[in-house]
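Visitor: Okay, so the first sequence: first residue is 1 according to my numbering, each after it adds one.
Derived from the structure by calculation, the hints contain no laboratory data.
It cannot be assumed that every hint is accurate.
No farther apart than 20 Å at their CA atoms in a straight line, the calculated lysine to aspartate or glutamate pairs in the EDC-like style are these [what the hints assert, rightly or not]:
id	residue 1	residue 2
1	K6	E78
2	K292	D302
3	K363	E495
4	K193	E208
5	K237	E208
6	K77	E9
Predicted model, so just to flag it, every value in this text is computed and none were measured.
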Amino acid sequence: MNFKIKTYEIITQSIENAVRHGKFPSDAQLPEVRIEYPREQHHGDTSTSFSLESAKILRRSPMSIGEDLKEYISAFKEIERVEVVKPGFINLFFSFETICNSLDEIVREKDKYGFIKKDKPEKINIEFVSANPTGPLNIVSARAAAIGDTLANILEANGNIVDREFYINDFGNQVRLLGESVLARINEIKGEKSEFPEEGYHGQYVKEIAQFIIDNFENEYEKITDRKELIDYLAVKAVRFNVESQRKDLEDFNVKFAKWFSERSLHESGEVTATLSYLEERGAVYEKEGRKIFRAADYGDDKDRVVVRNDGRPTYLLADIAYHRDKIKRGYDRIIDIWGPDHHGYIARLSGAMRSMGFDDGKFRVLIAQQVNLVMEDETVRMSKRLGNFSTMRELIDEIGVDAARYFFIMRSMESHLDFDLTLAKKESSENPVFYLQYAHARICSIFREAEKRGIDLSRHNRDISYLNNPESIYLIKLMIKFPEEVYSAGQSCEPHRISAYLMKLAQGFHKFYTEHRVLSDNLTKTSTYLTLVDSVRIVLKNGLRLLGISAPERM
RNA sequence: GCGCCUGUAGCUCAGCUGGAUAGAGCAACGGAUUUCUAAUCCGUAGGUCACAGGUUCGAAUCCUGUCAGGCGUGCCA
1 MNFKIKTYEI
11 ITQSIENAVR
21 HGKFPSDAQL
31 PEVRIEYPRE
41 QHHGDTSTSF
51 SLESAKILRR
61 SPMSIGEDLK
71 EYISAFKEIE
81 RVEVVKPGFI
91 NLFFSFETIC
101 NSLDEIVREK
111 DKYGFIKKDK
121 PEKINIEFVS
131 ANPTGPLNIV
141 SARAAAIGDT
151 LANILEANGN
161 IVDREFYIND
171 FGNQVRLLGE
181 SVLARINEIK
191 GEKSEFPEEG
201 YHGQYVKEIA
211 QFIIDNFENE
221 YEKITDRKEL
231 IDYLAVKAVR
241 FNVESQRKDL
251 EDFNVKFAKW
261 FSERSLHESG
271 EVTATLSYLE
281 ERGAVYEKEG
291 RKIFRAADYG
301 DDKDRVVVRN
311 DGRPTYLLAD
321 IAYHRDKIKR
331 GYDRIIDIWG
341 PDHHGYIARL
351 SGAMRSMGFD
361 DGKFRVLIAQ
371 QVNLVMEDET
381 VRMSKRLGNF
391 STMRELIDEI
401 GVDAARYFFI
411 MRSMESHLDF
421 DLTLAKKESS
431 ENPVFYLQYA
441 HARICSIFRE
451 AEKRGIDLSR
461 HNRDISYLNN
471 PESIYLIKLM
481 IKFPEEVYSA
491 GQSCEPHRIS
501 AYLMKLAQGF
511 HKFYTEHRVL
521 SDNLTKTSTY
531 LTLVDSVRIV
541 LKNGLRLLGI
551 SAPERM
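Please model the entire structure based on the sequences and the hints provided.
Guide: So this is what it looks like as structure tokens:
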């Protein structure tokens, strides 16, 4: 059962009945019925402000409209009580039996509870992290990884087919600089004189790459005499090294990409030039002073953007358009990109490009994973890849663990500028909210272990829902009823943090239940009823944690 | 200058796309365990929702302006 949908049905039918009986004029333009969850429990399970919104049109007081609807609403068997209060809210209270029946649904569906099957699944591509292959992944990438993977999980739970994708920027200036940096380090190790490139990468890992290449490819690169060719060779090797280590870090973070897409491959296959002619055919590109310029301003951007420089080299934008054209060609219904905050100025031009290629506006969405301030000992740590002074995702995983790290990133909305307190996350791991969730799950498992020890067999005993007629049990059941729609709306709004907030509430509800009620007792009917309840909680917790990519331990 | 994000309890942040008396965690203080795991629970305290207008039955939420912080504003990626 779904509270909102059920309430919507009841209200709209009640309105129809009222119209049929002449309470409301049949030609009135009534507003759309909206259902809300009241903040206060005593305001009902669901409520609607329909009478407030229709008062003007019907030229009647909201209270009297509510009173008219009340008799029709209370005729529904799911509804125990209807209230019309204060300014004109209609509050609905569901019957105890209706609510308790939902437990059967949860226990029956088990690990599928909250997961929807669609007749026509959407094919969704979600691209995230896509960090430059010039070094280890940093904290911002870790945040994007946690958010992107969780969002993908949620969209899958909503019945869609989701491909996770990583775009490798293995082309252009940065990569050349990486090659130069590696060359300098190789010469250094060999005791030869070498100037380190001014804009180069100073991190320790560059030395490791240099050593790695010396150990494995010395015979190959020594044959290359042309400096430019050598740098290119080293760059390719270094990129491969970095991509592999990024892939490993991400897999250890429970993130697996279906596709690693190389930017370089777009250039080599001719897709980039093909995309240019495609845009030219559509009249979206013009030439000026030897450059080719995309008419971004015609598609919502502030100004037009260069796609081919006057020396003939394509810009990053053109490659990116080619990349997204490839995604379109692969037949996705929806395309989602998650970018870092430093790219937000780029959204307008790429969305413009999508529009110019005729891709439906609402189907392309760029989300920004906002910055992360790493806080240590109450001081903000500045992160800079080039200066080599940054905290890596690898360090994060090693320090605080995957579960805690993922949870920290997911529990905040992605557009908030996150202060990540490393000392706290490390030091006080027992106070960490993620353990609170996991502990709830472990506690329930512990109850079942004890039940088994006592030889209690659930299937042999009857249940009696009257044992659930207490505030703690009712609170839990009502909350669990809302899980599927929580998953749905988190997917619709692309807000994974809602799931973590929801699970927090559920764990809270359970811990409270646990202190108030004893599950195992001599009364086998009561025991069996309670076991069904906590089993449901365990199912929902586990399903929710699975969405977040966090483990649900059976013991702690 | 222009654009994007943010501003809510001492700190970190929620607030279900406009609802009723603004919430949680942490930190502080006081209490609870002969019981299925105390990594738990209960209570107390803590607020000019940055500020000023506007929209309406009703605003933390929407519109305008101001202030503050961050980021962006390349023929870099």
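Visitor: Given the proposed pairing of K77 with E9, does the C-alpha separation stay at or below 20 Å?
Guide: Measuring from Cα to Cα gives roughly 13 Å; hence the hint holds.
Visitor: Does the structure keep K6 and E78 at a Cα separation of 20 Å or less?
Guide: Judged against 20 Å, a Cα distance of about 9 Å means the pair holds.
Visitor: Against the 20 Å threshold, does the CA-CA distance of K363 and E495 hold or violate the hint?
Guide: Between K363 and E495 the Cα gap is close to 17 Å, so the pair holds against 20 Å.
Visitor: Mind checking the alpha carbons of K292 and D302 for me, to see if they're no more than 20 Å apart?
Guide: 17 Å, holds
Visitor: K237 and E208 were given as a pair; does the straight-line alpha-carbon distance stay at or below 20 Å?
Guide: Holds, at roughly 12 Å.
Visitor: Quickly compare the C-alpha distance for K193 and E208 to 20 Å and report which way the hint goes.
Guide: Measuring from Cα to Cα gives roughly 19 Å; hence the hint holds.
Hint violations for this structure: none, all hints satisfied.
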